[in-house]
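Chain residues, written in single-letter form:
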Amino acid sequence: MKILRNISFGQYIPRDSLIHNLDPRIKILSCLAIIVSLFLITKFSGYLILGNFVLISIIISKVHPKFVFRGLRPILFIILFTLIIHLFMTEGKVIYQLGFLKITQEGLIKGLLISFRLFILILATSLLTLATSPISLTDGIERLLAIFKFIGVPAHEIAMMMTIALRFIPTLLEETEKIMKAQISRGADFESGNIFNRAKNLIPILIPLFVNAFRRADELAIAMEAKCYRGGEGRTHYRELKIKKADILTFTFTVIVTVMVSIMF
Amino acid sequence: MIKLKNLNHIYNYHKKDQIKALDSINLEIKNGDFISIIGSNGSGKSTLAKHMNCLLLPTFGDIWVDKMNTKDKSKTWEIRRKVGMVFQNPDNQIIATTVEDDIAFGLENIGINTKLMRERVDWALEVVEMEEYKKSEPHLLSGGQKQRVAIAGAIALHSSYLVLDEPTAMLDPRGRKEVIDIVKKLNQEENITIIHITHLMEEAAEFNQVIALDKGKIVLMGKPEEVFTQIEVLKQLRLDVPQITELALRLNKKGIDICSHILKVEDMVESLCLYI
Amino acid sequence: MFIHIENMRFTYSLGMPFETEVLKDINLEIDKGEFVGLIGHTGCGKTTLIQHFNGLLTPTSGKIYVEGVDLNKKGVNLKLIRQKIGLVFQYPENQLFEETIYQEIAFGPKKLGLPEEKIEKRVREALKMVDLDYNFYVERSPFSLSGGEMRRVALASILSIRPKMLILDEPTANLDPQGRDNILSEIKKIHYNFGMTVVLVSHNMEKVAETVKRLLVMYRGEIIMDGTPQEIFERHANDLIKVGLGLPQVTECMHKLKAKGKDVYTGVLTVDDAEREVLKKMKKPLKR
Numbered sequence: 001m002k003i004l005r006n007i008s009f010g011q012y013i014p015r016d017s018l019i020h021n022l023d024p025r026i027k028i029l030s031c032l033a034i035i036v037s038l039f040l041i042t043k044f045s046g047y048l049i050l051g052n053f054v055l056i057s058i059i060i061s062k063v064h065p066k067f068v069f070r071g072l073r074p075i076l077f078i079i080l081f082t083l084i085i086h087l088f089m090t091e092g093k094v095i096y097q098l099g100f101l102k103i104t105q106e107g108l109i110k111g112l113l114i115s116f117r118l119f120i121l122i123l124a125t126s127l128l129t130l131a132t133s134p135i136s137l138t139d140g141i142e143r144l145l146a147i148f149k150f151i152g153v154p155a156h157e158i159a160m161m162m163t164i165a166l167r168f169i170p171t172l173l174e175e176t177e178k179i180m181k182a183q184i185s186r187g188a189d190f191e192s193g194n195i196f197n198r199a200k201n202l203i204p205i206l207i208p209l210f211v212n213a214f215r216r217a218d219e220l221a222i223a224m225e226a227k228c229y230r231g232g233e234g235r236t237h238y239r240e241l242k243i244k245k246a247d248i249l250t251f252t253f254t255v256i257v258t259v260m261v262s263i264m265f
Numbered sequence: 001m002i003k004l005k006n007l008n009h010i011y012n013y014h015k016k017d018q019i020k021a022l023d024s025i026n027l028e029i030k031n032g033d034f035i036s037i038i039g040s041n042g043s044g045k046s047t048l049a050k051h052m053n054c055l056l057l058p059t060f061g062d063i064w065v066d067k068m069n070t071k072d073k074s075k076t077w078e079i080r081r082k083v084g085m086v087f088q089n090p091d092n093q094i095i096a097t098t099v100e101d102d103i104a105f106g107l108e109n110i111g112i113n114t115k116l117m118r119e120r121v122d123w124a125l126e127v128v129e130m131e132e133y134k135k136s137e138p139h140l141l142s143g144g145q146k147q148r149v150a151i152a153g154a155i156a157l158h159s160s161y162l163v164l165d166e167p168t169a170m171l172d173p174r175g176r177k178e179v180i181d182i183v184k185k186l187n188q189e190e191n192i193t194i195i196h197i198t199h200l201m202e203e204a205a206e207f208n209q210v211i212a213l214d215k216g217k218i219v220l221m222g223k224p225e226e227v228f229t230q231i232e233v234l235k236q237l238r239l240d241v242p243q244i245t246e247l248a249l250r251l252n253k254k255g256i257d258i259c260s261h262i263l264k265v266e267d268m269v270e271s272l273c274l275y276i
Numbered sequence: 001m002f003i004h005i006e007n008m009r010f011t012y013s014l015g016m017p018f019e020t021e022v023l024k025d026i027n028l029e030i031d032k033g034e035f036v037g038l039i040g041h042t043g044c045g046k047t048t049l050i051q052h053f054n055g056l057l058t059p060t061s062g063k064i065y066v067e068g069v070d071l072n073k074k075g076v077n078l079k080l081i082r083q084k085i086g087l088v089f090q091y092p093e094n095q096l097f098e099e100t101i102y103q104e105i106a107f108g109p110k111k112l113g114l115p116e117e118k119i120e121k122r123v124r125e126a127l128k129m130v131d132l133d134y135n136f137y138v139e140r141s142p143f144s145l146s147g148g149e150m151r152r153v154a155l156a157s158i159l160s161i162r163p164k165m166l167i168l169d170e171p172t173a174n175l176d177p178q179g180r181d182n183i184l185s186e187i188k189k190i191h192y193n194f195g196m197t198v199v200l201v202s203h204n205m206e207k208v209a210e211t212v213k214r215l216l217v218m219y220r221g222e223i224i225m226d227g228t229p230q231e232i233f234e235r236h237a238n239d240l241i242k243v244g245l246g247l248p249q250v251t252e253c254m255h256k257l258k259a260k261g262k263d264v265y266t267g268v269l270t271v272d273d274a275e276r277e278v279l280k281k282m283k284k285p286l287k288r
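Residue numbers (the working numbering), protein chains in the order written: chain A, 1 to 265; chain B, 1 to 276; chain C, 1 to 288.
FYI, nobody ran anything at the bench for these hints, they're computed from the structure.
No residue lacks a Cβ here, since even glycine has one placed at the ideal position from N, Cα and C.
Treat the hints with care, since some could be wrong.
Chain A residues, not near chain C, derived (Cβ > 10 Å throughout) [what the hints assert, rightly or not]:
hint, residue
1, Gln11
2, Pro65
3, Arg73
4, Lys93
5, Val153
6, Leu166
7, Gln183
8, Ile184
9, Arg186
10, Ile203
11, Ile263
Capping the alpha-carbon separation at 25 Å, the derived lysine-lysine pairs in PhoX-like fashion look like this [to be verified]:
hint, chain 1, residue 1, chain 2, residue 2
12, B, Lys253, C, Lys262
13, C, Lys189, B, Lys254
14, C, Lys189, C, Lys121
Covered by chain B, per the in silico footprint, the following chain C stretches (three or more residues, Cβ under 8 Å) [said to hold, decoys possible]:
hint, stretch
15, 52 to 63
16, 118 to 130
17, 153 to 167
18, 227 to 234
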């Protein structure tokens with residue numbers, strides 16, 4: 001059984017770099033700009049430029065590329081799957097035939113384009129979460145969502161939920177491990193049986209976990225109230241977000257690159 | 001000053017299964033007081049604590065914090081700012097993902113500007129001696145350290161009163177000592193009025209005043225040496241008696257001329273030296 | 001020999017950046033019928049140690065035997081071991097999940113595949129061991145109980161698998177004095193009346209020392225003291241203070257008298273012991 005206590009929040013890797021020190025709002029918006037242009041581009045050369053743009057950002061961030069590429073691992077299967085689907089399922093000029101399976105030129109191009117799109121998308125978002133602490137990410141999301149407050153987006157509440165979730169993930173993991181061990185000591189078995197039985201066997205873990213989580217939520221709510229919490233109204237922020245020169249420059253540069261790439265390719 | 005006059009609290013007052021948790025409590029807590037409240041489970045001590053911070057309102061009677069009645073809705077936030085609270089479970093009162101953000105939580109709520117907030121956070125961290133953990137993630141701290149963070153979060157609001165509801169119940173002896181040392185320091189150096197709830201007698205003996213609750217009533221009140229010598233009463237309340245006090249009383253009964261108000265081991269040693 | 005441990009070590013997250021050695025060279029033997037207290041403050045490795053007793057954790061190196069069976073040999077039936085060693089976790093009330101107390105206590109026996117009549121017998125027996133009335137409690141929800149009662153039900157849910165050894169991690173944590181005394185007297189009774197081998201794990205020296213017959217003190221992953229509570233209080237008082245455990249007030253008092261050159265026995269555990277000792281060593285005749 002593994003010890004879960006030492007895991008860290010998210011996958012943030014602290015470094016002192018230009019990317020790390022950017023305002024989270026700038027990072028989120030830049031990331032969005034890249035994503036939007038990824039879906040507008042239709043040519044390889046466009047992806048090449050954007051891909052290089054993201055790669056250079058990774059180098060600037062001083063985060064070891066292996067961490068960034070690790071983010072690809074869970075998605076690799078999907079990328080491969082879409083590639084294969086497109087390879088075989090697109091009508092057009094046949095360039096290779098294996099039995100009834102045909103690979104078409106159009107399929108190859110389309111498959112590769114989409115794979116590149118996903119690939120760059122994951123790299124860009126990985127970099128965002130690797131180079132931005134969960135706290136400032138939450139802060140950034142809260143401030144950005146605040147723009148939509150007039151249409152009723154509960155920006156503060158969303159951010160508060162994210163904060164509390166982040167705070168309690170390690171606590172709940174630790175508790176899950178403890179409850180599991182306790183139930184194993186009482187004779188529970190989580191390893192054998194078919195899927196249906198295994199799901200049933202999880203009840204002795206899930207119920208205590210829920211009961212305890214509700215109790216925690218109750219106590220936390222009282223503690224928050226005792227500390228004068230009354231929603232987002234009139235609340236100030238410990239972490240001030242200030243747009244610096246580097247932020248403006250970076251954002252302008254990103255916008256120019258993405259707009260140009262989207263128009264030209 | 002916190003003044004409680006004929007304070008009653010009845011849970012489920014409008015339903016059938018009423019439970020009387022507090023029964024006509026009259027009490028005055030003066031600024032600078034250093035009080036511990038003892039009592040077994042269900043004696044009403046937590047309910048009492050929650051009244052001081054408007055988390056509960058009296059069913060009958062009144063409670064005033066610096067002349068503000070807790071029933072006055074317009075004063076709720078001012079009272080909560082003045083009366084800091086620390087609870088039992090260290091895990092369930094830390095809200096943010098780093099120590100500094102958690103201490104700032106209350107300050108953000110009352111809308112203090114960022115510059116002042118940073119000063120207050122640093123000050124509070126220094127008072128609870130946790131400066132080096134400013135950027136730490138709470139789940140990596142020990143129980144005693146988590147409680148110190150919770151204390152810092154309360155005093156950062158510049159509260160004049162701190163109510164601690166069994167803050168040491170889930171800690172080991174080392175964690176307990178950390179918390180008690182900080183609480184003493186807050187009282188002596190920062191002149192914060194302390195109301196500390198516990199069921200550990202050795203801990204209660206460290207305070208200037210002890211109040212024993214039972215079934216929602218104040219049954220004993222006074223200096224530790226006055227309260228802890230009431231061994232029969234304490235045993236009836238299902239509470240412990242400090243070993244040294246019990247020994248002194250027993251020896252006293254056996255005809256040894258020893259002061260029965262002894263709470264400290266050193267005093268006992270001194271007295272016994274005359275006889276052994 | 002019931003439990004036998006040889007040069008056992010345990011390291012968390014071996015090979016990872018936060019690798020920590022939690023147990024360093026543990027050697028320990030516990031016989032059938034013993035009543036042992038395992039004391040040490042948080043983080044000293046006591047909880048890690050007891051999780052090796054029923055195979056929840058596997059040592060990084062060294063051996064552990066339960067009734068002569070090497071727990072880490074291939075093909076060992078750990079389920080059988082867990083039936084022999086009942087491990088009660090800290091705050092066991094947090095693991096309750098069934099609708100009724102009957103089902104809660106029947107969980108273990110059911111997993112053993114016992115027939116219904118035998119299960120009922122075990123539930124009755126377990127409830128009796130923790131002094132809860134069968135008829136009053138069986139149909140109730142475990143979540144309707146007080147903290148102390150919940151803990152006793154959790155204890156009963158381990159007793160119903162009829163372990164030969166009972167290990168309790170901080171059984172008195174967060175109980176008020178009465179709840180604490182109740183659970184300790186239940187445990188004493190289970191030891192004396194049913195001959196159960198018991199290991200009581202705690203960071204609170206005082207109450208445990210008066211309860212058990214043998215005391216193990218752990219510090220930074222090692223067992224640094226092993227003996228009767230009297231021996232340990234008599235000989236190792238200074239070391240106990242050094243490792244942050246502290247002494248009961250009466251023991252401290254005797255040690256301070258001794259330091260002043262008085263000839264007193266320092267292995268006292270309770271107020272009774274201290275009173276007897278003081279009266280025995282009085283040199284002046286009593287006044288009055």
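Comparing the hints with the structure gives:
Chain C leaves A/Gln11 outside its interface by the beta-carbon criterion, the shortest separation being 15 Å against a cut-off of 10 Å. With a minimum CB-CB distance of about 19 Å to chain C, A/Pro65 clears the 10 Å threshold, and the non-interface call stands. With a minimum CB-CB distance of about 19 Å to chain C, A/Arg73 clears the 10 Å threshold, and the non-interface call stands. Against chain C, the non-interface label of A/Lys93 holds: every CB pair exceeds 10 Å, the least being about 52 Å.
Interface exclusion of A/Val153 from chain C stands, the closest Cβ pair being 37 Å apart, more than 10 Å. Interface exclusion of A/Leu166 from chain C stands, the closest Cβ pair being 20 Å apart, more than 10 Å. A Cβ of chain C approaches the Cβ of A/Gln183 within 10 Å, the least distance being about 6 Å, so the stated non-interface status is violated. A cut-off of 10 Å between C-beta atoms contradicts the statement that A/Ile184 is not in contact with chain C; the least separation is 7 Å.
Some Cβ of chain C comes within 10 Å of the Cβ of A/Arg186; the nearest lies about 5 Å off, and the non-interface call is violated. Not every C-beta of chain C lies more than 10 Å from that of A/Ile203, the closest at about 7 Å, which undercuts listing it as non-interface. Against the 10 Å criterion, A/Ile263 stays outside the reach of chain C, whose nearest CB is about 46 Å from its own CB. Only pairs whose Cα atoms come within 25 Å are accepted, and B/Lys253 paired with C/Lys262 is accepted, the gap being roughly 23 Å.
For a cut-off of 25 Å, the pair hint linking C/Lys189 to B/Lys254 is broken: about 32 Å separates their Cα positions. Taking the CA atoms of C/Lys189 and C/Lys121, the gap is about 20 Å. The hint holds against a cut of 25 Å. Counting residues of the stretch 52 to 63 of chain C whose CB falls under 8 Å from any CB of chain B gives 0; the rule of at least 3 is not met. Using a Cβ-Cβ cut-off of 8 Å, 0 residues of the stretch 118 to 130 of chain C lie near chain B, which falls short of the minimum of three, so the contact claim is violated.
With 0 residues having a Cβ less than 8 Å from any Cβ of chain B, the stretch 153 to 167 of chain C misses the three-residue criterion, and the hint is violated. Look at the stretch 227 to 234 of chain C against chain B: 0 of its residues bring a Cβ nearer than 8 Å to a Cβ of that chain, fewer than three, so the hint is violated.
The structure shown violates the earlier hints numbered 7, 8, 9, 10, 13, 15, 16, 17, 18.
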